[in-house]
Amino acid sequence: MNSKNNYIYIVNTLDLDTHLENVAFHNLIAIDTETTGLCPHTNKIRLLQISCESEPTLIIDLFKTEVTDLLIKILASEHITKIFHNGIFDIQMLWGAGIPVSPPYFDTQLASILVDNGLGLTHSLKVVTHRHLGIELDKTEQDSNWSVPKLTSEQLDYAAEDALVLLPLERELSKKIKNLKLERARDIEFGCLTGAAMLEFKGMKLDLPQLKVLQKEYSELKKKLKAELENSLQLDDVSNSTTLPLFPSEYKTKINLNSHHQVKKAFNLLGVPLTSTDKDHLSIYIGQNELIQKFVDYRKANDYLTKYLNKLERFINPKTGRIHTSVFQIGAATGRMSVRNPPLQQIPNNTKFRSLFVPEEGYDLIVADYSQMELRIIAEVCGDETLTLAYQQGLDIHSLTASVILDKPLDQVTKEDRRLAKPVNFGLVYGMMPASLVVYARSNYGVAIAQKEAEEISAKFFKRFPGLLEWHKQIKSQNTKIVRTLSGRIRKWSYPAPFTEAVNTPVQGLNADITKLAVSLLWAPLIKYDACIIALVHDEIVVEVPHAHAVETRNLVVELMQQAGSTFLRHIPCVVDAAICKSWAEKA
DNA sequence: TCAGAGTGCGCC
DNA sequence: AAACGGCGCACGCTGA
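In terms of the working numbering, the first sequence opens at residue 1 and continues consecutively.
Hints listed in this document are in silico derivations from the structure and should not be mistaken for laboratory results.
Careful: at least some of the hints might be erroneous.
[To be verified] Simulated crosslink set (DSS-like; lysine-lysine; CA at most 30 Å straight-line):
1) Lys460 x Lys408
2) Lys224 x Lys212
3) Lys279 x Lys294
4) Lys126 x Lys492
5) Lys64 x Lys139
6) Lys422 x Lys300
7) Lys223 x Lys212
8) Lys319 x Lys73
9) Lys311 x Lys264
10) Lys178 x Lys476
11) Lys202 x Lys294
12) Lys181 x Lys492
13) Lys452 x Lys181
14) Lys254 x Lys176
15) Lys264 x Lys224
16) Lys202 x Lys311
17) Lys175 x Lys582
18) Lys528 x Lys582
19) Lys264 x Lys294
20) Lys212 x Lys202
21) Lys139 x Lys223
22) Lys216 x Lys492
23) Lys254 x Lys224
24) Lys460 x Lys473
25) Lys452 x Lys481
26) Lys264 x Lys202
27) Lys264 x Lys528
28) Lys223 x Lys175
29) Lys463 x Lys415
30) Lys492 x Lys176
31) Lys587 x Lys415
32) Lys279 x Lys226
Take the sequences, apply the hints, and build the full model.
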């Protein structure tokens with residue numbers, strides 16, 4: 001595609017409004033930016049390109065042009081759909097430049113992911129344009145220097161083309177969305193986009209002094225455990241040698257505790273027949289050798305340090321003083337969001353770690369989450385009568401399962417019984433086999449079950465929840481390469497979907513749909529309270545809000561999360577727990 | 001020597 | 001026939 005002579009390069013403010021007047025009549029415009037870097041808080045927009053049907057592409061040089069009221073009016077207009085590719089980036093860059101762009105949006109990257117979800121395809125503009133339009137884009141100028149005083153004609157051509165191509169791309173992707181009946185999923189994603197951008201843009205505040213306290217605590221713990229383990233775990237089998245070395249430590253090769261290979265060997269030498277060193281296997285021998293527990297503790301301390309405690313500080317943005325994680329709005333094949341750098345969805349869920357995340361002075365956090373969302377979704381999707389009735393009656397589902405598998409009345413179920421039931425519920429609903437349940441219950445819930453017992457539990461469980469069993473059978477018989485959630489969102493496979501994935505996807509995926517719908521309902525009303533979503537962890541939403549508005553905001557969050565949930569849960573009550581907190585650690 | 005698969009584990 | 005799923009990240013190890 002040659003866009004030469006098909007763009008207007010605008011370098012002074014007077015020209016800008018003249019050319020924008022035509023744009024204002026359109027209801028669909030494509031937007032792209034070229035920036036001096038990737039950070040909306042510290043980098044700048046050099047070029048803002050606007051393209052619409054039958055008009056030359058406008059390339060606005062923001063180093064030479066003032067932002068006019070008309071430009072703002074267009075970008076903030078609720079009558080004009082703005083097409084972006086990876087809009088979460090451009091939107092934040094515009095906000096960073098003080099330009100209040102707002103929906104409606106069409107994001108060609110999100111659209112591309114939606115139509116080919118799960119196949120592991122690339123969704124860069126270059127690849128998407130080739131896949132859907134058969135057009136080869138030349139991206140050689142993409143990483144060129146956009147700060148130079150005089151841009152080259154190659155740079156301007158490139159800038160124009162990237163915006164221009166979004167128009168046919170939108171048409172093609174809209175057609176495919178319609179053909180695949182993905183309109184509902186599209187609306188959820190595009191509606192959620194602003195909230196996702198706000199989350200990333202706003203960031204989270206970290207209690208840095210407390211981080212350092214925790215870092216020191218775990219460094220010392222790790223050091224202590226490391227010394228003890230290195231002393232006791234040896235790689236060379238000295239027990240068989242006839243002569244002992246004078247100074248054993250000088251002969252020994254010091255063990256690397258981060259090498260599972262070496263650790264396995266060392267424990268084998270001590271008579272612990274490990275076949276693997278993951279915590280499932282280690283937990284078998286935990287009472288047999290005290291070094292097992294020490295090693296588990298070492299791993300945890302090491303993990304906490306290398307992944308979180310030693311890493312978080314470097315993510316604090318110099319301009320905002322906050323942590324801005326990278327959001328991938330459709331980051332998982334199921335439709336879930338993922339975030340990275342840092343992985344804020346994987347911060348250890350204990351008071352020490354979660355209390356590191358705090359509101360600004362004068363603000364509170366609203367920590368809200370869906371109660372047992374996945375199990376409720378399963379009840380909705382499989383339609384099992386017993387499960388449905390239990391939720392409708394407000395019964396505790398883990399206690400119910402405990403009574404089923406232990407053959408005792410509900411009112412005689414103890415806390416211990418309930419603890420046994422949790423891994424049974426979480427495992428069996430997704431098709432876990434008895435053998436795995438044994439390991440899963442021991443390793444994650446400290447519950448000891450024998451193989452035979454697990455088989456009986458499984459049998460009783462499915463006898464009592466026949467709708468669930470029927471649902472599993474139905475999925476097994478389907479042998480399909482495509483699975484949908486109730487919103488219509490799809491996940492594709494290039495081969496018949498494995499049973500366990502086919503079971504999990506509509507559940508995990510609908511949870512994502514519901515949370516994203518909640519975000520799309522929430523972000524605008526939150527603005528009125530100067531409140532903002534700052535974290536999403538699949539079924540949990542964290543909002544930062546001025547203290548004065550905390551109560552109304554909490555009520556609003558609960559109401560809209562429930563509304564989102566009830567949109568899809570038609571037979572099962574949707575329960576949201578929410579609390580006003582001084583850190584992420586507190587819960588409802 | 002270096003990319004990449006493998007192991008392991010944090011969260012939901 | 002058999003199977004709980006989805007992520008991001010660290011790091012020792014392998015093989016070209």
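Each hint, compared with the structure:
1. Lys460 x Lys408: Between Lys460 and Lys408 the Cα gap is close to 12 Å, so the pair holds against 30 Å.
2. Lys224 x Lys212: Holds, at about 18 Å.
3. Lys279 x Lys294: 12 Å, holds
4. Lys126 x Lys492: Distance of about 22 Å is within 30 Å: holds.
5. Lys64 x Lys139: 25 Å, holds
6. Lys422 x Lys300: 24 Å, holds
7. Lys223 x Lys212: 16 Å, holds
8. Lys319 x Lys73: 28 Å, holds
9. Lys311 x Lys264: 29 Å, holds
10. Lys178 x Lys476: 28 Å, holds
11. Lys202 x Lys294: 40 Å, violated
12. Lys181 x Lys492: 14 Å, holds
13. Lys452 x Lys181: 46 Å, violated
14. Lys254 x Lys176: 60 Å, violated
15. Lys264 x Lys224: Distance ~21 Å between Lys264 and Lys224 Cα, so the pair holds.
16. Lys202 x Lys311: 20 Å, holds
17. Lys175 x Lys582: Measuring from Cα to Cα gives roughly 47 Å; hence the hint is violated.
18. Lys528 x Lys582: Holds. Lys528 to Lys582 sits at ~21 Å (cutoff 30 Å).
19. Lys264 x Lys294: Roughly 14 Å between the alpha carbons, so the hint for Lys264 and Lys294 holds.
20. Lys212 x Lys202: 23 Å, holds
21. Lys139 x Lys223: 49 Å, violated
22. Lys216 x Lys492: 46 Å, violated
23. Lys254 x Lys224: 16 Å, holds
24. Lys460 x Lys473: Holds. Lys460 to Lys473 sits at ~17 Å (cutoff 30 Å).
25. Lys452 x Lys481: 35 Å, violated
26. Lys264 x Lys202: Violated: Lys264 and Lys202 sit about 45 Å apart, past 30 Å.
27. Lys264 x Lys528: 57 Å, violated
28. Lys223 x Lys175: 60 Å, violated
29. Lys463 x Lys415: Between Lys463 and Lys415 the Cα gap is close to 23 Å, so the pair holds against 30 Å.
30. Lys492 x Lys176: Holds, at roughly 15 Å.
31. Lys587 x Lys415: 21 Å, holds
32. Lys279 x Lys226: With a Cα-Cα distance of about 18 Å, the restraint between Lys279 and Lys226 holds, given a limit of 30 Å.
Checked against the numbered hints above, the structure breaks hints 11, 13, 14, 17, 21, 22, 25, 26, 27 and 28 and satisfies the rest.
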